[in-house]
Each structure stands twice: as C-alpha cells, then as structure tokens.
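Spelled out from the first residue to the last, the chains are:
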Amino acid sequence: MIGLPVQGLRDVVGRNAQRTVNALRLAGGLDRPHTGCSPHVVIWRRDKATVRHYTSGSGGLPVLLVPSLINRSHIWDLRPGDSFVEDLQAQGYDVYLVDWGVPDERDAHNSMATYVDEYLPAAVAAVRDTSGADPVVMGHCFGGVIALLWAASAAEPPPALVCMGVPTNWLEMGPLAQMTRHGRLDPEDLLDDTGNVPPTTLLRSFQMLRPLGDVAGYVTLWTRLHDRRATQAIWALTDWAHDHVPFPGTAFVDMVRRLSRENGLATGSVNLADRTRNLGDIKIPVLVVYGTYDHVTPPASVMPLGDVLESDDVEVAAVKAGHIGLLVGRSAKKSTLPTITAWLQARGLSN
Amino acid sequence: MKLPEWVSPDLTKAFFAAERQLSPRLEAVLRTDAALDALAATHAVRRILGRAVSDTTNGVVEALGLPSSRQVRRLQQSIDRVERSGQ
Numbered sequence: 001m002i003g004l005p006v007q008g009l010r011d012v013v014g015r016n017a018q019r020t021v022n023a024l025r026l027a028g029g030l031d032r033p034h035t036g037c038s039p040h041v042v043i044w045r046r047d048k049a050t051v052r053h054y055t056s057g058s059g060g061l062p063v064l065l066v067p068s069l070i071n072r073s074h075i076w077d078l079r080p081g082d083s084f085v086e087d088l089q090a091q092g093y094d095v096y097l098v099d100w101g102v103p104d105e106r107d108a109h110n111s112m113a114t115y116v117d118e119y120l121p122a123a124v125a126a127v128r129d130t131s132g133a134d135p136v137v138m139g140h141c142f143g144g145v146i147a148l149l150w151a152a153s154a155a156e157p158p159p160a161l162v163c164m165g166v167p168t169n170w171l172e173m174g175p176l177a178q179m180t181r182h183g184r185l186d187p188e189d190l191l192d193d194t195g196n197v198p199p200t201t202l203l204r205s206f207q208m209l210r211p212l213g214d215v216a217g218y219v220t221l222w223t224r225l226h227d228r229r230a231t232q233a234i235w236a237l238t239d240w241a242h243d244h245v246p247f248p249g250t251a252f253v254d255m256v257r258r259l260s261r262e263n264g265l266a267t268g269s270v271n272l273a274d275r276t277r278n279l280g281d282i283k284i285p286v287l288v289v290y291g292t293y294d295h296v297t298p299p300a301s302v303m304p305l306g307d308v309l310e311s312d313d314v315e316v317a318a319v320k321a322g323h324i325g326l327l328v329g330r331s332a333k334k335s336t337l338p339t340i341t342a343w344l345q346a347r348g349l350s351n
Numbered sequence: 001m002k003l004p005e006w007v008s009p010d011l012t013k014a015f016f017a018a019e020r021q022l023s024p025r026l027e028a029v030l031r032t033d034a035a036l037d038a039l040a041a042t043h044a045v046r047r048i049l050g051r052a053v054s055d056t057t058n059g060v061v062e063a064l065g066l067p068s069s070r071q072v073r074r075l076q077q078s079i080d081r082v083e084r085s086g087q
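These protein sequence lines are chains C and V, in that order.
Under this note's numbering, the very last position in the first sequence is 351; numbers go up by exactly one each time.
Under this note's numbering, the very last position in the second sequence is 87; numbers go up by exactly one each time.
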C-alpha cells in the first residue's frame with residue numbers, strides 16, 4: 001500500500017530533477033537546438049538578400065521558398081526532423097530559399113517595389129540558371145505578398161504559386177494595422193533613427209495579437225521541460241518568434257498605404273512604383289493555404305485571395321494550424337505539406 | 001453546481017482553462033477604439049521622450065568634445081553614400 005505513494009513521489013522528484021537539469025543546460029547555452037542547419041550553398045547575393053540552395057536533395061523540380069520580411073528565414077528549416085525544407089526534399093523537390101538578411105539603415109530606402117521588381121525576379125533567375133527550370137514559388141505571410149505582386153507583373157511567371165497565410169483583406173488584421181489604417185499612427189511614426197521599424201515594435205505588435213501568448217508559451221515550456229526533445233522544439237520556436245529583424249522603413253510605409261489603407265490586395269489591384277499590379281493578371285495555378293487557428297493572418301483575411309484571383313486554376317485550402325504551424329511541427333508535416341504536394345502532383349508538377 | 005474549468009488542483013490545467021477564458025476577452029479589449037487610442041498615445045509619448053533623451057545625451061557628449069552616436073551615424077551615412085556611388 002505504501003509502495004504507490006512512494007513511487008508517485010519518486011516520479012515527481014525525478015521529473016523535477018530532469019526539468020532542473022534541462023533548464024540549466026538551456027540557460028547555460030549548452031543544449032540549445034541547432035536551427036537552419038540543412039546543408040546549403042549560397043547561389044545568389046545582392047545587398048543583404050541571398051538565395052540558398054539545399055544540396056542534400058536529389059534534384060527534381062525546383063521550388064523557391066519566400067519568407068516574410070520581418071522574421072528570420074530559418075523557420076523553413078527550423079530543426080533536423082522539423083523542417084519544411086527537409087520534407088520537400090523527401091518528396092523529391094529541389095529546394096531553394098530566399099534569405100532577406102538583416103536590414104540596417106542602408107536598406108531603409110528599400111520599397112516594396114525593390115523586393116517585387118528587383119530582388120525576387122533576380123532570385124528566381126538565379127534558381128533558373130542553377131536548376132535549368134522555372135521554380136514553383138511558395139510564399140509565407142509577407143513573402144507571399146511579394147510573390148503575388150511579382151507574379152502579377154512578371155514577364156515570365158512561375159509554373160505555379162503557393163500562398164500560405166497571405167494577408168489579403170487588411171480590415172481583418174490586428175491592432176497595429178488598425179492603428180495605422182485609421183490614422184492614429186502614421187507609418188513614419190514607427191520608424192527609428194535608422195529609418196526602419198525596430199524589431200521591438202514588431203514584437204510588441206505580435207504580442208498584442210495574443211496578449212497571453214508568451215505566458216502560455218512559457219507555461220508549456222515548463223510542463224514539457226523534463227522532455228529534452230520537446231524542450232528543444234519549444235525553445236527553437238520561441239527563440240525564432242522573439243527574434244524579429246528590422247522592417248525596411250520605405251517598404252513598411254508602402255505596406256501601410258497600399259495594402260492596409262487602400263486594402264489593395266482585397267480590391268485586386270496594388271499600385272507600386274507607379275505601376276498597377278492586377279491580381280487578375282495572374283493566370284498560373286495558385287494554391288491559397290490558410291491556417292484555421294491563425295491569429296496573425298486570420299482566415300477572414302486570407303480567404304478572400306481566392307476570390308480576387310481570376311486564374312482558371314485557383315484552390316483555397318484550410319489547414320488545422322496556426323500561422324507558424326503552417327510551416328513547422330506536426331501540422332506542417334501532416335497537413336500543410338501533403339496538401340501542397342498533392343496539389344502540385346495533380347498539376348503534373350512533381351518528379 | 002458545476003465549478004468553472006479553471007478551478008482545478010492541477011495548476012497547469014487551471015492556467016490553460018483560465019487562459020482560454022481570458023484571451024478572447026483581452027484580444028477584444030485591445031481592438032476597441034479606447035484601447036487603440038491609448039496605445040497610440042503611449043507610443044507618441046514614448047517617442048517624444050526618447051527623442052528628448054537622445055538629443056540631450058548627444059548634446060552633452062558633443063559639448064564635452066566627444067563623438068556622439070548622432071555624429072557616428074552621420075559619418076556612417078556619408079561612408080555608405082560614397083560606397084554606393086563607387087559601385
């Protein structure tokens with residue numbers, strides 16, 4: 001009879017001892033997860049932007065991944081075993097990733113057109129030169145916006161476009177978008193001395209979306225701290241989510257004026273650098289993916305993209321995931337990736 | 001009488017139950033006009049104070065004949081312009 005409580009006590013002590021050990025290892029930097037470490041080479045570079053080619057794949061149809069501007073690109077290749085890049089390679093694709101780098105004041109004058117008309121076309125051309133074929137382009141969040149606007153004006157569009165969590169109807173976006181849209185703040189008010197939006201401002205705007213999100217994250221970390229693998233997974237994601245990079249000021253001002261105030265993507269036309277980009281001009285197959293639990297770009301903001309596009313081949317797919325769950329974790333592996341690869345295969349875009 | 005979900009001897013369960021109740025309310029509050037006005041005003045005040053502190057600090061450092069961050073930034077900008085024009 002006494003055996004049971006003693007065993008229970010032993011379990012509790014053992015678990016807490018393991019928690020303490022794991023916490024100390026993490027705090028001391030001895031057991032931090034390695035991120036973004038799939039083997040790759042840089043095949044193109046301009047200013048801060050680069051294109052990485054992941055070399056452990058076996059060739060096949062090239063896919064170019066386009067991340068958002070506000071976070072680091074390694075979310076696509078978070079950890080060994082939890083990597084969108086690895087999973088695409090396992091499906092036989094030849095994977096390339098744009099890395100926008102960390103902007104400083106020299107990049108403050110980069111407008112949205114800089115990314116849409118200069119960097120992305122050059123990155124696509126570099127992939128074409130390396131692989132010998134036009135890549136399928138997959139964009140997440142603001143990376144998807146850049147990819148969309150480029151596809152709307154490109155002379156040589158990609159064979160297909162995949163847009164994941166792309167903010168389209170900005171009336172449905174979070175508090176920062178509401179504050180800047182209604183004139184409480186002008187976008188210029190958010191720029192620092194370098195002319196960019198500082199990472200702390202971006203972090204605070206994300207924290208406003210889920211005020212208790214950080215606390216919930218740390219409680220989750222505490223509950224799983226005895227499990228080294230789970231701890232590493234949570235740490236990698238938490239670290240990434242708090243590690244924003246400066247948003248180039250001119251591009252931010254463009255974003256607020258063109259996308260938020262004019263709600264350009266929802267109306268189907270966006271004016272950049274004195275050129276109107278009509279989403280109706282995109283004639284290639286497009287897959288729009290949204291996360292049903294997405295707090296950052298909620299379904300109500302993403303779904304209208306399917307209606308604005310006039311291509312004969314547009315599909316809107318829901319995935320049970322949050323904004324980042326579209327790219328990492330079980331939801332990415334079990335839902336996002338199968339959805340995308342099945343869609344590509346149905347269009348003959350596989351190996 | 002059924003107790004609320006967040007009344008639980010398991011602290012983790014209690015926390016997440018409370019979080020599920022509280023989060024949507026907090027999120028809704030943050031989207032009200034009053035909250036957005038308050039956030040915008042806080043940002044404006046912080047910006048003005050930050051600029052005043054920065055100007056004062058730079059002024060003091062320059063008065064002492066030392067290079068201030070403002071001067072270093074201007075110098076860096078000049079170097080960047082020269083670099084760009086040379087490319």
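Some clues are possibly wrong.
Pairs of lysine-lysine residues, derived as DSS-like cross-links and limited to a Cα-Cα distance of at most 30 angstroms, are as follows [as the list claims (entries may be wrong)]:
#1 K320/C - K333/C
#2 K283/C - K320/C
#3 K13/V - K2/V
#4 K13/V - K320/C
#5 K333/C - K13/V
#6 K334/C - K320/C
#7 K283/C - K333/C
#8 K2/V - K334/C
Just so you have them, the derived chain V footprint on chain C, three or more residues with Cβ under 8 angstroms [what the hints assert, rightly or not]:
#9 37-50
#10 198-212
What the hints contain is simulated information worked out from the structure, not anything from laboratory work.
These numbers come from a predicted model, not from an experiment.
The beta-carbon is built from N, C-alpha and C at its ideal position, and this holds for glycine as well.
Hints not upheld, ascending by number: 8, 9
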